[in-house]
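> Going by this note's numbering, the first residue of the sequence shown is number 1499, and it counts up by one from there.
Hints listed in this document are in silico derivations from the structure and should not be mistaken for laboratory results.
Bear in mind that the values here come from a model prediction, so they are computed numbers and not experimental data.
Treat the hints loosely; a few may be bogus.
[Stated by the list, open to error] Simulated pairs of lysine-lysine, DSS-like, Cα-Cα distance not exceeding 27 Å:
| hint | residue 1 | residue 2 |
| --- | --- | --- |
| 1 | Lys1554 | Lys1569 |
| 2 | Lys1536 | Lys1507 |
| 3 | Lys1588 | Lys1554 |
| 4 | Lys1536 | Lys1554 |
| 5 | Lys1536 | Lys1500 |
| 6 | Lys1514 | Lys1536 |
| 7 | Lys1500 | Lys1514 |
[What the hints assert, rightly or not] Computed Cβ-Cβ distance ranges for the label pairs, DEER-style:
| hint | residue 1 | residue 2 | range |
| --- | --- | --- | --- |
| 8 | Lys1500 | Val1532 | 16 to 22 Å |
| 9 | Lys1569 | Leu1537 | 37 to 43 Å |
| 10 | Gln1559 | Leu1537 | 26 to 32 Å |
| 11 | Val1502 | Ala1542 | 16 to 22 Å |
| 12 | Ile1522 | Phe1552 | 24 to 30 Å |
| 13 | Ser1506 | Asp1526 | 38 to 44 Å |
| 14 | Lys1588 | Lys1500 | 55 to 61 Å |
| 15 | Asp1579 | Trp1551 | 16 to 22 Å |
Beta carbons: idealized from backbone N, C-alpha and C, even for Gly.
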Amino acid sequence: MKSVVVSSKGQVAIPKAMRADLNINEGDTLSVSVENGKLILEPAVNIPFSLSWFCKPEIQQRIASAHENFKTGNYSQYTIDEFIEILEKKIGTD
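Starting from the given sequences, assemble the full structure and let the hints guide the process.
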C-alpha cells in the first residue's frame, strides 16, 4: 500500500506505477465517492445528456427484465401489420 500526502488544496498525486497499471492519463476525469469510510476513485463515464435516460436504474431494470423474458421465451411475435394494429388500438387511432 502506498501513502500519499494531501496538499493544502486537497489534491493528492496518484503514484506513477498505479496510474500506469490503471491506464490513468493526464486529463482523465475520475469520479470520487466514499464507501464504508473509504475514498473511492473510479474512471468517470461521460454520457451525453440525450442518452442519460438510458442509465436510470428503472430503465436498466426494465431492459434486464426484457432480456430475461427473451431468454426464457416469454415474448410474442407479430407481423408488422399486426404490430401496427395493436399500436393503433392502444393509442386509439384508426
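> Has the given pair, Lys1536 with Lys1507, been kept, meaning a C-alpha gap of at most 27 Å?
holds, 20 Å
> 16 to 22 Å was suggested as the range; check whether the CB atoms of Lys1500 and Val1532 agree with it.
With a Cβ separation near 19 Å, Lys1500 and Val1532 satisfy 16 to 22 Å, so the hint holds.
> Please verify whether Lys1554 and Lys1569 have alpha carbons no more than 27 Å apart.
holds, 23 Å
> Between the alpha carbons of Lys1588 and Lys1554, is the straight-line distance 27 Å or under?
Given pair Lys1588, Lys1554 holds - Cα atoms ~26 Å apart, limit 27 Å.
> For the pair supplied as a hint, Lys1500 and Lys1514, is the alpha-carbon distance within the 27 Å limit?
With a Cα-Cα distance of about 11 Å, the restraint between Lys1500 and Lys1514 holds, given a limit of 27 Å.
> Evaluate the given range 16 to 22 Å for the C-beta pair formed by Asp1579 and Trp1551.
Since the Cβ atoms of Asp1579 and Trp1551 sit about 30 Å apart, the hinted range of 16 to 22 Å is violated.
> Is it true that Ile1522 and Phe1552 lie within 24 to 30 Å of each other by Cβ?
Check passed, 26 Å falls within 24 to 30 Å.
> Could you tell me whether the CB distance from Ser1506 to Asp1526 stays inside 38 to 44 Å?
violated, 23 Å
> Given the hint that Lys1514 pairs with Lys1536, does the C-alpha gap stay at or below 27 Å?
Holds, because 21 Å separates the two Cα atoms, which is no more than 27 Å.
> Does Lys1554 sit within 27 Å of Lys1536, going by the straight-line distance between their CA atoms?
holds, 25 Å
> Is it true that the C-beta distance of Gln1559 to Leu1537 lies inside 26 to 32 Å, as the hint says?
holds, 29 Å
> Is it true that the C-beta distance of Val1502 to Ala1542 lies inside 16 to 22 Å, as the hint says?
holds, 20 Å
Of the hints listed earlier, those the structure fails to meet are numbers 13 and 15, in rising order.
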